[in-house]
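**Student:** For reference, the chains in residue letters:
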Amino acid sequence: MTLQAFLLLGAALFSVGLYGALSQQSIVMIMMGLELMANAVIVAGAAFWYFASPDRPDGQVVVLVAVTLMAVDMAIGFAVVTAIFRRRDVDLTDSAADLKG
Amino acid sequence: MWTQVAFWVCAVAAVATGVAVFRVDSMARATFALLASFVFAAGTLLLLNLAYLGILVVLMMIMEMVVMVVFMIMYMMNPAGLMPMTMVHNQKGSLAIAGGVFAALAAGIFLVRWPTSGRPRPADPTRALGEALMGSKMLVMMVLGLCLFATMVATIVLAAHRGRYDRYGDRLDAKRPDDPVRGGLNR
Chain A
975 MTLQAFLLLG AALFSVGLYG ALSQQSIVMI MMGLELMANA VIVAGAAFWY FASPDRPDGQ
1035 VVVLVAVTLM AVDMAIGFAV VTAIFRRRDV DLTDSAADLK G
Chain B
2 MWTQVAFWVC AVAAVATGVA VFRVDSMARA TFALLASFVF AAGTLLLLNL AYLGILVVLM
62 MIMEMVVMVV FMIMYMMNPA GLMPMTMVHN QKGSLAIAGG VFAALAAGIF LVRWPTSGRP
122 RPADPTRALG EALMGSKMLV MMVLGLCLFA TMVATIVLAA HRGRYDRYGD RLDAKRPDDP
182 VRGGLNR
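As they're listed, the protein sequences go chains A and B.
The opening position of the first sequence corresponds to residue 975 in the working numbering, with each subsequent residue numbered one higher.
The opening position of the second sequence corresponds to residue 2 in the working numbering, with each subsequent residue numbered one higher.
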């Protein structure tokens, strides 16, 4: 196991999540892409802690922040979906393009 | 040796199930593919001696994905995957951007000389994390707590259909609640 291998895994997860977040139309699927990107941060933060500075817990704290971010992202995302679905019966991003410049 | 094998199995499986999230037809299957991706990624954390954080990710993701399945079935038109379905826009552009980002990140990973530490690893990483959170990293923990509280409030405000401000006015001084249907408590 090397730091490069872990970072490569993180980069792959991040890119897959980025593809999902950019290409999907459904708001729920976009949130899945965002979760995958946060997952990449978890892997990379843990790897940096283990290989680069194991004597300081900073990497572990980053992992904790990323885990919290995933929970917050999911909760707020579903609340927004509920609000917009209730108001306008919309669950696709293409139907909610009011702010498109 | 076996850690090498375990790492690559986890890594390949995490990416493969991550790709499957956007390839399968059924929303429920996509959610469980995402759960599998998280579990495999948490497996690599366990290989790094991070027992607490690895188990935390696994438990949290199981709960989160089970909640997500419920929302999927509520909102999606094809929850069981009975017919093929693609709901994508600008797929080629997204693929190009994601591939470019991966190529740039991979180039950076192999070109940068990463620092290495000769310092010994702590015997109990969880203890080190706990002491940091209750000591030098207390601010992080406090900000996280505030964020979670703000999330709870914002989630309820966004998701509630009609709150007391809808019923009793902005200053909460209406004598009678403004309800679309008559009846109910105190009427």
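Certain hints may be false.
Partial chain A-side listing against chain B, Cβ under 10 Å, derived [said to hold, decoys possible]:
hint: 1; residue: S989
hint: 2; residue: D1065
hint: 3; residue: D1068
hint: 4; residue: A1070
hint: 5; residue: L1073
Since the hints were derived computationally from the structure, they do not count as laboratory data.
The structure displayed is predicted, hence computed values, not measured ones.
Glycine is no exception: its CB is placed at the ideal position from the N, C-alpha and C atoms.
**Student:** Quick one, is the D1065/A hint okay against chain B at 10 Å, beta carbons?
**Tutor:** Holds. Min distance 5 Å.
**Student:** Against chain B, with CB atoms and a cut of 10 Å, does the hint on S989/A hold up?
**Tutor:** 4 Å, holds
**Student:** For the restraint on D1068/A, tell me whether the closest CB of chain B is nearer than 10 Å.
**Tutor:** Result: holds, 6 Å to nearest chain B Cβ.
**Student:** Holds or violated: is there a CB of chain B closer than 10 Å to the CB of A1070/A?
**Tutor:** Status violated, d = 13 Å.
**Student:** Quick check on the hint: L1073/A CB to chain B CB, less than 10 Å?
**Tutor:** At about 17 Å, which exceeds the 10 Å cut-off, the nearest Cβ of chain B leaves the hint on L1073/A violated.
The structure does not agree with the numbered hints 4 and 5 stated previously, though it agrees with the rest.
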